[in-house]
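Q: So the chains spell out like this:
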Amino acid sequence: MTIASSSPPSRLPLGSAQGAGTKSRTRRARSRESQGDGRLAAVFIAPALLGFLVFLLWPTLRGIYLSFTRFNLLTPAEWVGFDNYVRMVNDPIFWSSLTVTVEYVFINIGVQTVAALAIAVLLQRLTQSALLRGIVLTPYLMSNVVAGLVWLWILDTQLGIGNEIISAVGVDRIPFLADETWAIPTIALINVWRHVGYTALLLFAGLQAIPNDMYEAAKVDGASEWRMFWRITMPLLRPVLAVVLIMTVIGSFQVFDTVAVTTAGGPANATNVLQYYIYGSAFGRFQFGYASAMSVALLVVLSAITVLQYRLTRAGRTDLG
Amino acid sequence: MTAVTTTTPTVRPAKRRFSLGRATAWAVLGLVVLITLLPFYWILRTALSTNAGLNADPTSPLPVDLTGTGFQRALGLQSAEEAVAQGGAGGGLDFWRYLLNSVIVSTLITGCQIFFSAMAAYAFSRLRWRGRDKVFGLFLGGLMVPTIFTLLPNFVLIKQLHLVDTLLGIALPSLFMTPFAVFFLRQFFMNIPREVEEAALLDGAGKVKVFFRVVLPMASTPVITLGVLTYITSWNDYFWPLMVSYSDSSRVLTVALAVFRAQTPATGVDWSGLMAATLIAALPMLVLFACFARRIVSSIGFTGIK
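Top to bottom, those sequences are chains A and B.
Residue 129 in UniProt numbering is what sits at position 129 of the first sequence, and the numbering runs on without skipping anything.
Residue 276 in UniProt numbering is what sits at position 276 of the second sequence, and the numbering runs on without skipping anything.
Each hint should be verified, as a subset may be incorrect.
As the list claims (entries may be wrong) - Quick look at which bits of chain B chain A covers, simulated, 3 or more residues with Cβ under 8 Å: (1) 135 to 145; (2) 156 to 166; (3) 291 to 300.
Said to hold, decoys possible - Here are the in silico distance ranges between beta carbons for each label pair: (4) B:Ala290 / A:Ser167: 33 to 41 Å; (5) B:Leu20 / A:Ile64: 57 to 65 Å; (6) B:Ala56 / A:Pro267: 44 to 52 Å; (7) B:Thr264 / A:Ser167: 22 to 30 Å; (8) B:Ala23 / A:Arg87: 54 to 62 Å; (9) B:Ala56 / A:Tyr310: 49 to 57 Å; (10) B:Phe292 / A:Phe106: 29 to 37 Å; (11) A:Tyr310 / B:Leu286: 44 to 52 Å; (12) A:Val111 / B:Thr59: 37 to 45 Å; (13) A:Arg70 / B:Ala52: 50 to 58 Å; (14) B:Ser249 / A:Leu74: 18 to 26 Å; (15) A:Phe283 / B:Pro193: 48 to 56 Å.
The hints are simulated quantities; they were obtained by calculation from the structure and are not laboratory data.
Heads up, the beta-carbon is just placed ideally off N, CA and C, and yes, glycines get one too.
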């Protein structure tokens, strides 16, 4: 969609095109085109195509196939038709996992999108500092594991600085990650901490494409910043916002790492998100067939959301014209 | 194709006069920076404290009983008795080794993936061959499949190849390409003026030479940006290495951190050691980012938005 380089092509090591005979060049190029570069292309494409076929296309098809089998990794997969799907529909833990995941996605995406938008607009309207943009991006350099462990420590009920501050204010300590109602919102916010800067920079890039004249003109007309945000920024940013939203929602549904290191699905399945349940089914109980069926279900949900969101936000169209 | 990376300051405040709105906006931005950075300081402060000190004085803004024992435990430099006495698990985790494993895996993935993806991108953008658009369409379709969906079947494959618990097994699925890298680099190669390439061809260079001597150097900025982001992504990956790696020989930092956390001694979590280990895992990426920050920050727009 957007492509740019911060520095124009600078090095032309084999001489520039200036002054060469235009006619003879195009003739030569044309004859080259008709010949084609088949053999060379085959060499250039071979490694990537191998990787694509073996580690992307084949596993995708195999994952769908495995969802129709009983498979424990040790004995060959055994075809069982729709058994896994029937079991899934009747599995209360599957449904609770799905509910927990959806709750997580709502909190995570809701808070993150609003915060990222606010940060992006502040970075655009207040300052163009690259340093600030760099700072905002730093949590994104951490792994989910690191982010999870740091906040596990900060929010620790007994010794965490977060709870020390809370109790100093006179409120009861909150067992953030050990309490059934607090755990999911807490994990959702930890992941907001890690991803909000990256999301903000994506939106910031989108904001850069809005012509500054529009703000200048609105200012001359006496519009306030607030009004400019709703009348200029939001309508023009919508296509970028839509794409970012689709990307982040898809990512959000795949939450696993943070849960694995902070709560391990507990307390009492309160944070047993879908991907964690899938992992447990495969590697804890060796039900690879059932785990595959749930993966397929997640894939279907994600595809449906993508299509729906694309339609709703009219991602394809832009007001910039 | 809109350019989004101009960093010239286009918004210039007309008046530098104090206004309540601007002050509030700056305050909010200040708060954002604070929430962003404080956890990093807290890692450092905790890593340099003793566990006894942390228990006695949990709110001290400075390290309690300034010490390096947390790092010694994380790097396996303490005897088991010593470690247990200081609130550690004495499990003998050696983060030097995991650091090395992480470096090997991330370097292997980044080097191979970018190179092979660039070759494919060149074939898709600059070479003429039958079926090019069909194959490219297939690659684009690959963007639709979330990586996470391929993990289980890929694990089955890696197991059949007897590569479980090896560094190669961790790296292999991401070694050859990602649809995104191919797509991203192809877009960029298409923007390189054809005249430049044709001039090189007139000078007698072959297409292979053009790729290495003209196209790759001219695309150095996006290649480096993509490379750094790929390195960070593979360094931070947890789910896939967790599936494939079982022992020290193939354990990478993210998995090791989770193991460290799981080895909680009866006296409570070894926060000092854990935060020291966390810092060891996080620091290389902070340094890497610091080296390329300006380039990455100004080009993040097009790497994320496909």
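Q: Confirm or reject each hint.
A: Here is how each hint holds up against the structure:
{"no.": "1", "hint": "135 to 145", "verdict": "holds (count 6)"}
{"no.": "2", "hint": "156 to 166", "verdict": "holds (count 3)"}
{"no.": "3", "hint": "291 to 300", "verdict": "holds (count 8)"}
{"no.": "4", "hint": "B:Ala290 / A:Ser167: 33 to 41 Å", "verdict": "37 Å, holds"}
{"no.": "5", "hint": "B:Leu20 / A:Ile64: 57 to 65 Å", "verdict": "59 Å, holds"}
{"no.": "6", "hint": "B:Ala56 / A:Pro267: 44 to 52 Å", "verdict": "29 Å, violated"}
{"no.": "7", "hint": "B:Thr264 / A:Ser167: 22 to 30 Å", "verdict": "23 Å, holds"}
{"no.": "8", "hint": "B:Ala23 / A:Arg87: 54 to 62 Å", "verdict": "60 Å, holds"}
{"no.": "9", "hint": "B:Ala56 / A:Tyr310: 49 to 57 Å", "verdict": "56 Å, holds"}
{"no.": "10", "hint": "B:Phe292 / A:Phe106: 29 to 37 Å", "verdict": "35 Å, holds"}
{"no.": "11", "hint": "A:Tyr310 / B:Leu286: 44 to 52 Å", "verdict": "36 Å, violated"}
{"no.": "12", "hint": "A:Val111 / B:Thr59: 37 to 45 Å", "verdict": "27 Å, violated"}
{"no.": "13", "hint": "A:Arg70 / B:Ala52: 50 to 58 Å", "verdict": "53 Å, holds"}
{"no.": "14", "hint": "B:Ser249 / A:Leu74: 18 to 26 Å", "verdict": "23 Å, holds"}
{"no.": "15", "hint": "A:Phe283 / B:Pro193: 48 to 56 Å", "verdict": "51 Å, holds"}
The structure fails hints 6, 11, 12 (numbered hints given earlier, in ascending order).
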